[in-house]
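Using the hints provided, position chain B relative to the given structure of chain A.
Letter by letter, the chains look like this.
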Amino acid sequence: MNSEVKIGTFLCKGCGLGDRLDMDQLELIATREGKVTYVKQHDYLCGDEGVALIQNDIDSGECNKIIVAACSKRVKTQAFNFPEVSVARANLREGVIWSQPDTEEAAELTQEMAADYIRMASAEIKFIQLPSASGEQEVNKNILVVGAGITGLTAALEAANTGYKVVLVEKEATLGGMTAKLYNRIPTKSPYQQPEDTGIESMIEKVNSSDNITVYTNTTIAKTEGAPGRFNITLDNDGTPETVSIGAIVQASGFTLHDPSHLEQFSYTGSDNIMTQADLEQHFTANAGAQVKTKDGKEIKRVTFIQCVGQRSEEEGHLSYCSGYCCGTSVKQAINFKQQNPDIDTKVIYTHLRVSTGVGGEDFYRSGQDQGVVFLKGTVSNVDASGDKLTVSYKDIILEEDLSFESDLVILATGMVPNSGVDANLTEMEGEEEKSEEEGAEENDLSIPVKSILNLDYRQGTDLPHLINGKGFNDSHFICFPYETARTGIYTAGPVRRPMDIHQASEDATGAALKAIQVVENAGKGRAAHPRSGDLSFPKFQNEGCTQCGRCTIECPFGAIDIGEDKYPKFNESRCRRCGTCMGACPVRVISFENYSIDTVGQQIKNIDIPDEFDEKPRILCLACENDAYPALDMAAHNRITHSAYVRIIPVRCLGSVSASWVSDALNTGFDGIVLMGCKTGDDYQCHFIKGSTLAKERMSKVADTLETMSLEPVRVSTYEVAITDIQRAPQLINDMADTIEEIGLNPFKF
Amino acid sequence: MTTTLNTAMIETYKDNFLKEVQDNVEQGDWVKMCMQCGVCSGSCPLGNDWDHPPQKIFAMIRAGKREEVLTSDSMWMCTSCYNCIARCPRKVPVTHIMHGLASYASRLGLTPKGQPTKEFANIFWKSLSNKGRVNEVEVAYKLYFMDGFISGIKKALSMAGIGIKMLTTKRLMPLELIKPHKVDDVSGFRNMLAKAAELETARIHNNSKDN
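Protein chains in written order, with the numbering used here: chain A, 1 to 751; chain B, 1 to 211.
It should be emphasised that the hints constitute simulated quantities derived from the structure, not laboratory data. Hints should not be assumed to be uniformly reliable.
What the hints assert, rightly or not - Short derived list, chain A residues pointing at chain B, Cβ under 8 Å: (1) A180; (2) R366; (3) D370; (4) V374; (5) L376; (6) K389; (7) S393; (8) D396; (9) I398; (10) L399; (11) L403.
Said to hold, decoys possible - Simulated crosslink set (BS3-like; lysine-lysine; CA at most 27 Å straight-line): (12) A/K301 with B/K155; (13) A/K570 with A/K540; (14) A/K293 with B/K91; (15) B/K91 with A/K189; (16) A/K298 with B/K182; (17) A/K126 with A/K606; (18) B/K65 with A/K395; (19) B/K65 with A/K338; (20) B/K142 with A/K389; (21) A/K389 with B/K14.
Keep in mind the model is a prediction, meaning the values are calculated, not measured. Glycine included, C-beta positions come from ideal geometry on N, C-alpha and C.
Looking at chain A on its own, in the form it has when it is part of the complex:
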């Protein structure tokens, strides 16, 4: 291989670029200032002929790095896909001609913009290396499924049917989990009229007879070490330790029922005839085939189902969320009574009826009504068990009246508490000063002492982080990638992730099994799993400069970085999602990727031409998240929404990867304003890397101090949350910054 760097630059004249821009001047900039090896112009670069032109140059060895100066890097990715060389894209179409007015007066500034994008790409390409996998990985086709309820069994069968080996671990002695304890289930098939058999026995049989599935009952996980593709898991099989080697993990640890004993108004402990839905299932199973009677053997004439018991309320000891399955379950149980004897009076008291199985659920609700189940919209204030009969008092929401009636049996819909292990967000780490010790203990108000499920040997905690501290459900990106947890290669499925019913849990299990297969294959090739699928680059650490502060280990959203025995960061490649948050975190800038580093962006910033202050042409730097903000700006350009010609936009992997040095360098070289565009933060975050945007905000608040020491106005650096749909707003934010600069004047640091 020739080690000499030969940069081929290809200028496209298509899509109006040739008409709007002076291509020869751009060619001159590339060769003189950008110092590229050669420049070629083409009328239609993404066409077969143009692509062949580039490919020929690569094949003949004329160039070994290329710049494509055409459209945004988010479009024409198929055409400009040259995996054998590094590619930099100068965004002249969306970034320049489509976001600038096509007028004579605007032509000069438009040309300046295009020239800067050529300078930036020329600078960037010099610092990009072609990434290659570390070779750390191997393909390990074993998948561990934790929990053998309906979710775990489904995930195990799905993975096994695809040809992967599954280790299924269940802490109880038998398989089937909560589903095995049910009398029957909500129907899954049209016409959704009557309850169905759970079918769990046949599933268990399939699992037991599968050659691809190894079942461990009475087993828990004592320790999980390693990373996707090379997890080493120590099982505790009823006291006997056993080690298995695993590629990926599906956590289907399910839920426990919310205990209503402490909710005095429902008198759960006051009478045997006040039951939870689960109690009633068992009661039905115990009396299968016979007429169900009360616990004291009396005939049942009236049954009342109370929904949302200890749920959907912020009160102490209540669950704040809707468990999603209980309404359907009550309809099912009421129908079970009606099937035994249509004269049994069954009432369901609800506030909002939510039959979650979609269209089928609504049909089932209707079937319940048709079979004579009475639905009352109201809230129950009290169940009196002191007399001979049970008396249910409720407030009817439609009639706005307090009413009461007698009942032989009262069934409470109590909801689910996820078995999600210890919240990794509450794990104390040395070097992290913000979290106080009490915070964790106070907010974690679950009455049962929480036991770890995975016992991860990660610096960032033994289990997966929870979305909201103390609320239990494991965090995942709700809209875009529901199975992806904050730990790569570990996928949650079922009610551990969010409240759901059997039907949804089965679908969830299928999705998680597929993700597990995906990560096993990707890890084997050293590629990122998600969302930068296929990315071979990974962070590299220069230990010489490292101060062992541990910041990267704390800020990595995916727990990819441990601290090694030598006190330096110990990186686990296949746990990494390549977001670059560690790079942004490192105060001494020793972390970089082959194709994304402090230099690849920093040099772009340095090579932007800053006109001196008498020109009165300000410069604004915009660092935009490549997942949301950058495509929003692209789409704005597609709609010809213009933005200030003074801005220079650089896409970043995540706002979390933004180094404070870029911002201070930019201000020092004379940029007048800096706009950072990341994703939405908070509980309903949209950040693809969970907390990148949050971290960026935090870091930028510290940049304000730097600004002050430079006697610069804090408004010169603004951080925004931009969604991919903010097509009008994103360019507007840039224009706002331009207006602000006009108001406060130029940056005096232009040298």
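Just chain B, lined up with the frame of chain A:
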């Protein structure tokens, strides 16, 4: 007689008013299918003027509020615009149920006294069932004088302008009072009504017998 029927019904159905409605009210079987979305009440052009809009009536039936429902003025307010039926996501025939409830309340003798819709219906039906054609003059004067002579004169005078116009355009024929128009076969028409009444009584009797 009607009060006897009322007592009998209370005795038959005890506190299961929903069942009573299902058995005895026209289309009453649909009440259980209401999902309390409130679209009927929101669609009703007179909804604001009702004591209990349809959604509430259904909730009251389920809550066993027999007396309140049957003596209510509300279902008499229905103008049969059919907005509720057209919009009900559960296809509940709300209009028909309102009329069914009114009719049932009337059978039990529980209708509020002097309820104008009911009075009008009675006058209209009497006129129609007599000769098979509605005698407009008769219906009009009976309606005017429903609440006594003085108020009848007042009402008639207030409508005099319209009345004269109707006379001059022959929309109102005073001769009708003396020689009302009728169907060709009056006795056949009456027999038909008698047969319908017989069938209806048998149906109601059958429904209640099931209990």
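Outcome of the hint check:
no., hint, result
1, A180, "violated, 33 Å"
2, R366, "holds, 7 Å"
3, D370, "holds, 7 Å"
4, V374, "holds, 5 Å"
5, L376, "holds, 6 Å"
6, K389, "violated, 14 Å"
7, S393, "violated, 13 Å"
8, D396, "holds, 6 Å"
9, I398, "holds, 4 Å"
10, L399, "holds, 5 Å"
11, L403, "holds, 6 Å"
12, A/K301 with B/K155, "violated, 57 Å"
13, A/K570 with A/K540, "holds, 10 Å"
14, A/K293 with B/K91, "violated, 36 Å"
15, B/K91 with A/K189, "holds, 23 Å"
16, A/K298 with B/K182, "violated, 65 Å"
17, A/K126 with A/K606, "holds, 13 Å"
18, B/K65 with A/K395, "holds, 14 Å"
19, B/K65 with A/K338, "holds, 24 Å"
20, B/K142 with A/K389, "violated, 56 Å"
21, A/K389 with B/K14, "holds, 18 Å"
In terms of the numbered hints stated before, the structure departs from hints 1, 6, 7, 12, 14, 16 and 20, listed from lowest to highest.
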